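Engineer: Sequence:
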Amino acid sequence: MPASTTVSAHVARTLARHVDHVFGVMGNGNAWFLDALERETAVPFSAVRHESGAVVAADAYFRASGRIAAATATYGAGFTNTLTALAEAAQARVPLVLLTGDEPTSGPRPWDVDQIALAAAVGARTYTVGRADAAATTVIAIEHSLAYRVPVVLAIPYDVAALDAGPLPEPPAPVLPGPLAPAGPFDAAAIEEVARLLADAERPLLLAGRGAWLAGAGPALGELAEATGALTVSTALGRGVFPDGRYDLGVAGGFGADGAMALVREADVAVVVGASLNQFTMRFGELFAPGTRVVQVDTAPSATHRHVGTFVRGDAALVVRALVEALHAADAKPSGWRETVDVAGARWYATGPVDGIAADGRLDPRTVAHRLAALLPEDRVVVSDGGHFIGWANMYWPVASPDRMLMVGTAYQSIGLGFPSVAGAAAARPGSAVVLTTGDGGGLMALADLETAVRTAGGRGLAVVWNDAAYGAEVHVYGRQGLTDGPMRIPEVDFAALASAVGAEGVVVRTLADLDRVAAWRDEAVDERRFLLLDCRVSPAVVAPYQEEILRANRRH
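With the numbering used here applied, the sequence shown corresponds to residues 1493 to 2049, in that order.
Think of the hints as simulated: they come from the structure by calculation, not from any bench. A quick note: this is a predicted structure, and the numbers were derived from the prediction, not measured. Heads up, the beta-carbon is just placed ideally off N, CA and C, and yes, glycines get one too. Mixed in with the good hints, there may be bad ones.
Each pair of labels, with its calculated beta carbon distance range [to be verified]: (1) Arg2002 with Pro1664: 41 to 47 Å; (2) Gln1771 with Lys1825: 35 to 41 Å; (3) Glu2040 with Pro1677: 23 to 29 Å; (4) Thr1796 with Thr1572: 28 to 34 Å; (5) Ala1639 with Ala1681: 25 to 31 Å; (6) Thr1802 with Thr1597: 52 to 58 Å.
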């Protein structure tokens, strides 16, 4: 059968050269595209059950693999369903392509909306293909997404999708910019200044974020830590970026242990690499002590926090490597600070009652999280929905590298993106377990893609639902202020039964002994076990430390 030469086929075959996976929901606007994708390319397609889930899965795929994926939806209602997930990807600077149908070139129909304006409103540029330029436009869209690390929309007008476009041309491959290298005398002087600061520091600290990981700066950061004798700490999205964990204090900000954050405040020089220094990482301005000299290395046009005293613009790996070379050239000696502190003790977190039962008779989530840390598969990717519970995985479940802790939703402060994240992580990491942490509020919001998670992850998937019968963040922020809590409460839902209905194994967890099933599940052959969902009935009275920090900041302001 000869290859199709429709516009949709041109798009599908061109896209297939540059993406590894497509997630989506089929509809009128993308039917021709999906037909060509399935018949004429080897790119896998994973169906999801809600269009938002398609974008979420493509987002999670990139975060877990560093490779671009595509999502697809029809026009109109299918497109508008993607907007929250599209906004999250834009806020988090995640490249992906959303292939969507669009209104015909003859003009909008009654159900059409201005999709270009809607996409622009959440930070995504739209590229619309035509009969003569479908392949070239597809490459341009991919190039834009990767070059700027943003999601893009690739639109096929309804009356163009099945038009004949002739033989598929050979468009040029995307051309991406190289890493931003420090250049000129000012950058050289800045690097020399930072090297002198580190050489003279008595208590140096290195803080790295997701930007450092994306730049491949991990090995160089390890050398810099060794050369300076610095303690290290990361953002929530940078966990595991430092190769030597012996002197690592864990996560900076509200997810950090009290002892670790006290050591951060002792630093006299702190070099921040590839981290935006948002309010949560900075503990609302209290991460560093007033006397700390804060240096930031980033590709942003300027410093991103007012506490930064010295800013070096450039690629994280290149700048850190230059710092290492400058320190070696000056024969600088390590400070010795990190050998004088008890790092393991500083990273200790409170774990709640030994039996795991809180004062109200429900489980203490801290004890549950601590117990699960010893039971979860070691080779795991953790995907997190948004909600009050996000502290538990970030505090108690270590991960090997930043691409193994995916927090899809937090950049846009959204909940309900958890279950479809599993599909993206499972496709990106086919040999690893995928562990979802979600709440009952977000879990119910994403319920359409519970089936997607179970189907795509199978025996590699495990979901932990922190079921406190409430929207916990709202209870702790607004309930404390005396607002009526009726809208903040959720009738207790049997997530274990819901999971069983779509082919998973559901376990209601009311005692620590109920978690023993995880150990047995972990030891079973992957192809012989089902997706496991733990419906953890936890106390709504136990407040995560990061939430207490937010409450204190709100009272100050």
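Engineer: Mind listing which of the numbered hints don't hold for this structure, in increasing order?
Structural biologist: Per hint list: 1, 3 violated.
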